[in-house]
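A.B. asks: Sequence:
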Amino acid sequence: MSTKPAAKIVAKPKTAPAKRKADAAVATSESINDQISAFLASGGEIQSIPNGTSGQTYGKPASKAPAKT
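With numbering that gives the first Met the number 0 applied, the sequence shown covers 0 to 68.
Derived by calculation from the structure, the hints in this document are not laboratory data.
Predicted model only: the values in this text are computed from it and were never measured.
Every residue, glycine too, gets a C-beta built ideally from N, C-alpha and C.
Be a bit skeptical, because a hint or two may be false.
To be verified - Computed beta-carbon distance windows for the label pairs:
id, residue 1, residue 2, range
1, Arg19, Ala40, 29 to 35 Å
2, Ser28, Thr52, 23 to 29 Å
3, Ala17, Ala37, 32 to 38 Å
4, Asn32, Val9, 47 to 53 Å
5, Lys59, Lys18, 40 to 46 Å
Kindly produce the complete structure, drawing on both the sequences and the hints.
C.D. replies: Listed below in structure tokens is the structure:
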């Protein structure tokens with residue numbers, strides 16, 4: 000009779016490697032507030048857009064004009 004070599008069993012990790020946690024939301028909020036302040040200080044203006052208003056346009060796309068030769 001022939002004997003087969005024993006199969007080597009390799010254990011796979013049950014969990015994925017740990018991922019780096021994101022920075023606290025406070026840092027992001029502070030950064031956004033700083034950017035808003037800089038924008039307003041440089042003469043920028045904030046527009047208020049009513050709820051439900053979308054920049055999405057519906058309908059057929061505009062046709063391309065033929066290339067001039």
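A.B. asks: Lying within 23 to 29 Å: is that true of the beta-carbon distance Ser28 to Thr52?
C.D. replies: Roughly 25 Å apart at Cβ, these two residues keep to the hinted range, so it holds.
A.B. asks: Could you see if the CB distance from Arg19 to Ala40 stays within 29 to 35 Å?
C.D. replies: Because 34 Å falls inside the window, the suggested range holds.
A.B. asks: Look at the Cβ atoms of Asn32 and Val9 and judge whether their distance stays inside 47 to 53 Å.
C.D. replies: 51 Å, holds
A.B. asks: When you take the CB atoms of Lys59 and Lys18, is the distance between them in 40 to 46 Å?
C.D. replies: 45 Å, holds
A.B. asks: Okay, Ala17 versus Ala37 on CB: inside 32 to 38 Å?
C.D. replies: Once the Cβ atoms are compared, 36 Å apart, the range 32 to 38 Å for Ala37 and Ala17 holds.
Of the numbered hints given earlier, the model fails none.
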